[in-house]
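As they're listed, the protein sequences go chains R and U.
To convert, note that position 333 of the first sequence is 333 in the working numbering; the numbers rise steadily by one, no gaps.
Throughout, the working numbering is defined as the position within the second sequence, counted from one, plus 432.
If you're looking for bench data, these hints aren't it; they were derived computationally from the structure.
Among the hints, a few may not be true.
[To be verified] Computed, partial: chain U to chain R, Cβ under 7 angstroms:
| id | residue |
| --- | --- |
| 1 | 579 |
| 2 | 581 |
| 3 | 593 |
| 4 | 615 |
| 5 | 616 |
| 6 | 621 |
| 7 | 644 |
| 8 | 648 |
| 9 | 730 |
| 10 | 731 |
| 11 | 773 |
| 12 | 806 |
| 13 | 863 |
| 14 | 865 |
| 15 | 875 |
Where a beta carbon is used, it is the ideal one built from N, C-alpha and C, also for glycine.
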Amino acid sequence: MNATIEQLAATLETALGSGSVTADASALASYNVDGKSPAIFCAPKDQDEVSAALRLCVEARAGVIPWGGGTAIRLGNIPRQADVILELKRLNKLIEHDDANLTASAQAGIKVVELQQILGQQRQFLPVEPPRPDLATIGGTAAANINGPRRMLYGGVRDLVIGMKVVLADGQQIKAGGKVVKNVAGYDMCKLFVGSLGTLGVITEVTFKMAPIPESAATLVATGPLSRGLQLVDQLMQSTLLPAAVAVVSAEATGVDSVRPAVAVRAEGFEDAVARHLRQAQELAGRMGLRAEVLREETHRSLWEQIRDFGSSGEAVAYRVTVPVASLADVVETIDRWSRSERAARFVAHAGSGTVWIASAADPAGAAWFPRLTALAKEQRGHAVMVAAPPEFKQGVDVWGAPPESLSIMREIKRQFDPHAILNPGRFIAGL
Amino acid sequence: MSRDVLIRELRQIVGDRYVLTEKEDVIVYEQDASILQVMPEVVVLPADVGQVSAVVRAARRANVPIVPRGSGTGLAGGAVPAEGGIVLCLARMNRILEIDLKNRVAVVEPGVINIDVTKAVTKQGFFYAPDPSSQAACSIGGNVANNSGGPHTLAYGVTTNHVLAVEAVLDDGQAVWLGGRVADSPGYDLCGLFVGSEGTMGIVTKAAVRLMRTREAVQTLLAVFDRMEPATQTVVDITAAGIIPAALEMMDQLTIEAVEKGKPVGYPRDAAAVLLIELEGVREHTERAARLAEEICSRNGARQVRRAQSEAERQLLWKGRKEAFGALGALAPNYYVQDGVVPRSRLPEIMREVAEIGSRYRLRIANVFHAGDGNLHPNILFDMRVPGELDRVIEAGAAIVKACVAAGGSLTGEHGIGLEKKAYIGLLFNDDDLEAMARMRRAFDPDGRFNPAKVFPTPITCAEMRRQPAKIPAGLWI
Ligand SMILES: Cc1cc2nc3c(=O)[nH]c(=O)nc-3n(C[C@H](O)[C@H](O)[C@H](O)COP(=O)(O)OP(=O)(O)OC[C@H]3O[C@@H](n4cnc5c(N)ncnc54)[C@H](O)[C@@H]3O)c2cc1C
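Please model the entire structure based on the sequences and the hints provided.
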C-alpha cells in the first residue's frame, strides 16, 4: 500500500459516508480470509459507490476482497494482500423480473434465497443452487462459478448468466451481454467474469435465464454396494431418460444412510414424466439388487439440500475432482478405497458433470489427499481443486492445481483488467 | 518483407497449389453470404495445425493481417478481407479426429461441416445440438467464431453451450488449447471468451464439442393463424406456461406466399402466420407438452393445429420452413436477411414495428425466424437493379436493428457483428463497454492481426469494398 490504513479509511469515508466504512478491528473479526484480516471494511450502497471505492483503493494500491455472503471465501489461494473488504450486501435489489421472457436481473448482493422467493411468486426459479443460499449472494455465486446438482438438466452458471454489470479495478463501470437469451453482439464478456473469483472486476448486477418451477418432482434413492450403484448410474446415463440430477453419495455424506452408499436420481417436470423416470430407475435399481425407495416432498427436498450444502460448512478440508463422465465410476471407487484404507472421507459425486466433492478432517492425512487426487484426476484428463482448507494446508501449494498451457493469456488478461493487482491478489490460479 | 517474399514463404509452407493469388482463383473468396465484397490479395489453404502456425508466423513477419474463413456462409461480412492481407481458409482441415460417445465428446477440425458431426453419431443415438439452418455448408470453425445458433438451440443452447475446448493458433503462432475436456477447468473461461470472437482472437484449429443423446420422442405441430398478433402471443404464452420447445419457428404471410408459389407444402395462402412447434424429450413429456401447446394455440384463436403423425409428416411440416428462404426468390430478385433479438414478450409489438418500417421504406419484408427465443429474421426483398434500392434496404435494416435494441433486445442474435453491424454496436455498448472488449482483444492479439476492422466500430481503411448480393448455395435455409 502507498497510503496508511487511516488515510485510506478517511478517503473512503469521505466518498461513501461514515456509516459505510469502518476500520474497527472488532467489526472486521468475522471477515477473515485464510487467516488474513483486512483492516478496512466498506459497504457501498450502489454501483457508483463501488466505483468510487475501487478508484480510491487502486490509488492507494490496497488489496481489495469483494465480499458477497462469504460462503466461497475459503476458495482460492491465500491472498498476497488483503486490506479492504468490499461488501456488496447493500446492493440487494431485484432490478427486473421479466417472467414472460423467463429472465431476471438482480443486484449482486441479493441473497439467493430471497431471490428465489421473489421468482417463486411467479412460479419460476433460478436453477443455480449454491450451498447455503441463506447466505450466498447471486454475485458471489457467479464470480465463484458455483454450480448445483441440477446442472445436468438446466446448465451451469456460465450457461444461465446472460448479462452483467461490472466495475473494473480502475472504477470503470461496464456492462456485458444483455437481457435477451440469444445475443452475439460483441465479445461474450459475461464468460470473463463468471468464475473469475473477483480478480478482474466487481460484479454489481447479474441477468440470468430462469426456469419454470416444475409441476412435480421426486427422487429415487437406491442403496447398496457402491459398485452396483455406479452401474446404475452408467445405465441411467445410457438411457434416454433426462433426470434433473444424479448423485452418488457415500455413507454418512447425507442423512440417507449411515452405512451404505446411495445413488439419488432426481426427476422433475410433468407428473407423468416424473413417474416414468421413477419407474424406470426403480426397475434398473432392482435389477442391480439395490434397495430402492422413492422420496417426495420434505424428504426429497431435504436430501437435495444436504447434497447441495455438502462440504460447505464445518468441513475442515474439501476437494473437488472433475473428470470426464465415463471416468467417474473409477474415480469414485478409488476414492472410496482410499477412504476405507487410509483416511476417512465422505463424498458426493455428480454424474452429469463428472464432479466429485470430497470432505475430510483437517489433519496431515487429510492434507495428503490433495496430491493423490491431483494425480488421479490427471490420469483421467481432469483436474482437482482444494476448495477449502485451513491456511497451513494451502501454504506452498496452488489450490487450483497445475496451471493450463494457456496461463500466459490469463496473466495478460489479469494485467489488462487489473494492472496493479488489487482485486483478490493472489487468490486465483497460479497466484493471479 | 515484400509481397513476393511472403507469397514464396506461403508456398513453401502449404505447397504451391494451396496459395491462390490469381484473380480468377481468389474471386471465389471475395465475399461471404453477406452483401459485402473485397477482393483478397492472397488465399491460403492449410492442411494442418502446423501449417496454420507457420502461416501466422509468416504473416507476423510480413506484418499483414489474417482473415480466417470457413465455408463463407457468414451473413455479416466476417470472412471478407476488409483490410487486405491473407485469407486463411480452413476448409481442407475437415477431419473428425475423435468420437468419444461414453464421454459425449467429439474432437473435430475447423473445416468439418456442421451436419457431418451429427451424421457421424446419429446411428449410435447421438447428435450435435447447434444446428444453423446453413448446417449443410457451414463449418464448425465458423460456428465457433460466430457462436452460431439454429432452430433447435432454443432448448439446447447455442454453440458456446456445446464447445468444451478449442485449440487455437494465437498471434505468436503457437497452438494452445483453451478450456478443457471436463467442466470447470480452473482459470479464466478462455474457451467461453473465444467462442463468438468472430475470428479476431486467433484461428480455431480443433474443437472439442459436446454430443447429446438423441431424445426418445418428438412431437411436431403446425399452427395456422389468421392474424400475426395472436401468433406472437402464442409464442409468449408457450414460454410462460413453462414449456421449452426444442424449436419454435414462425413464418409470416409473405413467406407462406413464397413457399406456396415455389414447391407448395399446403400452407393456407391466406394465413397471416404459421408456427412450427417441436417438442422433444421422454414420451410422457412430449405427449403432455404437445397437448398443452395445442391448447394454447387454440386459446389464441389458431385456425388450425396439425400434429405430425409420422416422421414423413413431420418432415413435410418442416419442408416449408426449410425451403422458405430459397423460395423468397420467387418474390423478388434479391433479399437481405436481418438478424435482431427482442425479449419474447415484446414480439407482438416488434412485428408491428417491422411491418411499419417496411412501409416507411417502401419495401416488402418477409419474416421467417426463431420466434421462441425472440430472434427475428426479417428478409427485406429488393431488386439490385433499381438504383438506390439497396441503400433503402440498408436503412430499413438499420431501423429494424434500432427498434430491437430499443425494445430491450440486441442487434444480433446469431449472425454476428462482422463488418455489417460494426457501426451499430454502439447502440448496445458504450465506449467503456467496448474498451473492456478491446482489452480482451489485446490480451489475445496485441497487434490486431486477426480479422482487423471487424466487430469494433473503427473505420475501415481498405480501398475498395463493394456491395453485391451473394449467391447462397442450394440446400441452405434461414
Ligand atoms: C442460408 C443461411 C442460413 C443461415 N442460418 C443460420 C442460423 O440458423 N443460425 C446461425 O447462427 N447462422 C446462420 N447462418 C450464418 C452462417 O451460416 C453462420 O454464421 C456460420 O457459423 C458461418 O460458418 P462458415 O464456416 O460459413 O464461416 P465464415 O462465413 O467462413 O466465417 C464466419 C466468421 O468466422 C470466422 N472464422 C471462420 N473459420 C474460423 C476459424 N477456423 N477460426 C477462427 N475464425 C474463423 C471468419 O473470420 C468470420 O468472421 C446462415 C447463413 C446462411 C447463408
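Structure-based check of all given hints:
Below 7 angstroms, beta-carbon pairs count as interface contacts, and residue 579 (chain U) has one with chain R at about 5 angstroms; its hint therefore holds. Proximity of residue 581 (chain U) to chain R holds as hinted, the smallest CB-CB distance being about 6 angstroms (cut-off 7 angstroms). Because the beta carbon of residue 593 (chain U) sits about 5 angstroms from the nearest beta carbon in chain R, less than 7 angstroms, this interface hint is met. Annotation: interface hint on residue 615 (chain U) holds; nearest CB of chain R at approximately 5 angstroms, less than 7 angstroms.
Hint status for residue 616 (chain U): holds, given a least beta-carbon distance of 6 angstroms to chain R, under 7 angstroms. Look at residue 621 (chain U): its Cβ gets to within about 5 angstroms of chain R, closer than 7 angstroms, so that hint holds up. Proximity of residue 644 (chain U) to chain R is violated relative to the hint, the smallest CB-CB distance being about 10 angstroms (cut-off 7 angstroms). The interface hint given for residue 648 (chain U) is met, as the beta carbon of that residue sits about 4 angstroms from the closest beta carbon of chain R, less than 7 angstroms.
Look at residue 730 (chain U): its Cβ only gets to about 19 angstroms from chain R, farther than 7 angstroms, so that hint breaks. With its C-beta approaching chain R no nearer than about 16 angstroms, residue 731 (chain U) sits outside the 7 angstroms limit, and its interface hint is violated. For residue 773 (chain U), the interface hint holds, since its Cβ comes within 7 angstroms of a Cβ in chain R; the closest pair sits about 5 angstroms apart. Proximity of residue 806 (chain U) to chain R holds as hinted, the smallest CB-CB distance being about 6 angstroms (cut-off 7 angstroms).
Against a cut-off of 7 angstroms between C-beta atoms, the interface hint on residue 863 (chain U) is violated, since the closest Cβ of chain R lies about 10 angstroms away. A cut of 7 angstroms between beta carbons decides the hint on residue 865 (chain U): the least distance to chain R is about 5 angstroms, and the hint holds. Proximity of residue 875 (chain U) to chain R holds as hinted, the smallest CB-CB distance being about 4 angstroms (cut-off 7 angstroms).
This entry does not satisfy hints 7, 9, 10, 13, going by the numbered hints stated previously.
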